[in-house]
Amino acid sequence: MTLEILRTTLLGISAGALVVGQLMYSSPADARGYRGHARTNVNVNRGANRNINRNVNRGANRNFDRNINRNVNVNRNVNVDVDRRGWGYGYHPVATGVAVGATAAVTAAVIGSVVYSLPPSCTSVIVNGISYQQCGSTWYQPQYAGSNVSYTVVNPPR
Amino acid sequence: MTGYSGNRRAVTAALLAALGTSAVVASEGDAGKKAPTVEPAAIQALEKMSAYLRTLDSFSLEAEASADAVLDDGQKIQFDRDVTVDFAKGKGLKVDSVSPFRHLTYFYDYKKLTLFSPDMRYYASTEAQPTVAKTLDEVSARYGVEMPLADLFYWGTERLPVGAITSAVNIGPGRVHGAACSHYAYRQADVDFQLCIAEGDHPLPLKLVITTTDQPEQPQYEARMAWNLKPHFAADEFTFTPPQDALPITFRPMPAAAAENQ
Chain A
1 MTLEILRTTL
11 LGISAGALVV
21 GQLMYSSPAD
31 ARGYRGHART
41 NVNVNRGANR
51 NINRNVNRGA
61 NRNFDRNINR
71 NVNVNRNVNV
81 DVDRRGWGYG
91 YHPVATGVAV
101 GATAAVTAAV
111 IGSVVYSLPP
121 SCTSVIVNGI
131 SYQQCGSTWY
141 QPQYAGSNVS
151 YTVVNPPR
Chain B
159 MTGYSGNRRA
169 VTAALLAALG
179 TSAVVASEGD
189 AGKKAPTVEP
199 AAIQALEKMS
209 AYLRTLDSFS
219 LEAEASADAV
229 LDDGQKIQFD
239 RDVTVDFAKG
249 KGLKVDSVSP
259 FRHLTYFYDY
269 KKLTLFSPDM
279 RYYASTEAQP
289 TVAKTLDEVS
299 ARYGVEMPLA
309 DLFYWGTERL
319 PVGAITSAVN
329 IGPGRVHGAA
339 CSHYAYRQAD
349 VDFQLCIAEG
359 DHPLPLKLVI
369 TTTDQPEQPQ
379 YEARMAWNLK
389 PHFAADEFTF
399 TPPQDALPIT
409 FRPMPAAAAE
419 NQ
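Protein sequence lines correspond, in order, to chains A and B. So the first sequence is numbered by the working numbering: it starts at 1 and just counts up by one. So the second sequence is numbered by the working numbering: it starts at 159 and just counts up by one.
Calculated directly from the structure, the hints in this document are not laboratory data. Every residue gets a Cβ at the ideal spot worked out from N, C-alpha and C, and that includes glycine. Careful: at least some of the hints might be erroneous.
[Claimed, not checked] Example chain B residues on the side facing chain A (calculated, C-beta under 7 Å, incomplete): (1) A282; (2) Q373; (3) L405; (4) P406.
Whole structure, please, built from the sequences with the hints as guidance.
In structure tokens:
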């Protein structure tokens with residue numbers, strides 16, 4: 001994938017911010033990866049899942065960084081572990097934007113893939129009490145992933 | 159003159175703390191074991207603050223919070239946000255967190271916990287547990303939702319035990335927003351934290367610093383808090399009523415939580 005294509009992708013997502021109303025990063029010029037974040041609570045590692053979180057996420061962080069730097073297809077499952085505690089919690093706005101750019105460009109239409117922002121020109125649709133975003137022919141189901149919003153590519157709900 | 163002597167006292171305290179640390183390091187090197195400093199008075203101050211927090215029937219606080227993110231090259235970047243915490247025992251909790259990137263509001267009315275994004279218009283709700291702490295525990299474990307300043311509801315409960323603290327030191331006097339406070343530093347697994355606890359009859363945390371020690375860059379979180387202990391809340395303050403244009407969504411279960419349940 002050439003740099004030009006990547007740039008186009010990033011600009012496209014930036015335009016998407018206007019449509020959706022809010023994205024988690026400010027501009028493509030800021031595109032860079034984050035590899036760590038401060039814990040925001042003393043009581044972070046609670047009880048049984050303490051070791052699970054730590055082991056799972058440490059590996060994922062390295063993988064995430066490597067993928068980002070090479071501009072290769074970002075493993076969509078890695079995105080969820082950007083935050084070492086599990087889901088991201090919002091102090092890595094740029095990193096999620098970059099991951100989305102790479103992921104959206106390559107796997108946007110794959111059912112079940114997860115991105116963290118939307119392509120341009122999406123419409124909010126509520127079907128059976130659940131919100132979807134229809135972006136062209138692709139449907140996304142927004143969900144809270146921790147305190148961030150993630151978008152899972154789904155089959156058209158109607 | 160007073161200011162000078164005060165400063166000198168603080169410097170002396172810091173020096174003593176530093177000396178204590180090097181003594182610990184030395185003995186660690188010699189014997190291969192830690193000799194942490196746990197000052198009983200520092201533990202008592204934390205316990206007093208925690209117990210006081212648990213007696214509060216209601217409060218409203220405004221916090222200026224900042225958190226470090228670590229760039230790929232190791233450089234730390236600090237992001238700021240404003241956090242408001244409104245609480246009334248038996249009625250509910252509302253926490254509002256605003257940054258240039260994201261606005262989130264947490265509603266808890268003892269029946270449901272709702273997370274609402276006022277700018278994106280999304281909201282998701284889940285059944286609440288009978289206490290704030292239990293509810294926060296559950297949404298953290300299941301969904302990875304970490305509410306800002308959740309520690310305020312954990313101190314004084316078994317979920318944030320002082321027994322986990324391996325080092326506790328009184329650094330000396332502190333000052334936050336013009337108010338005098340006592341500055342304490344604590345260490346436990348994976349985090350160091352510092353508190354400046356208000357002097358007088360209301361031993362409230364005025365400043366919290368959390369240092370993440372299991373990352374090489376040791377990113378920090380910091381919150382300076384201004385407390386109001388006589389807030390007035392609207393009758394429907396804590397119950398989320400979806401605006402007409404709000405978009406209902408769900409929480410995604412955490413992968414780790416799913417594995418844990420298997």
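Compare the structure with the hints numbered earlier in the document and write down the numbers of the violated ones, lowest to highest.
No numbers; nothing is violated.
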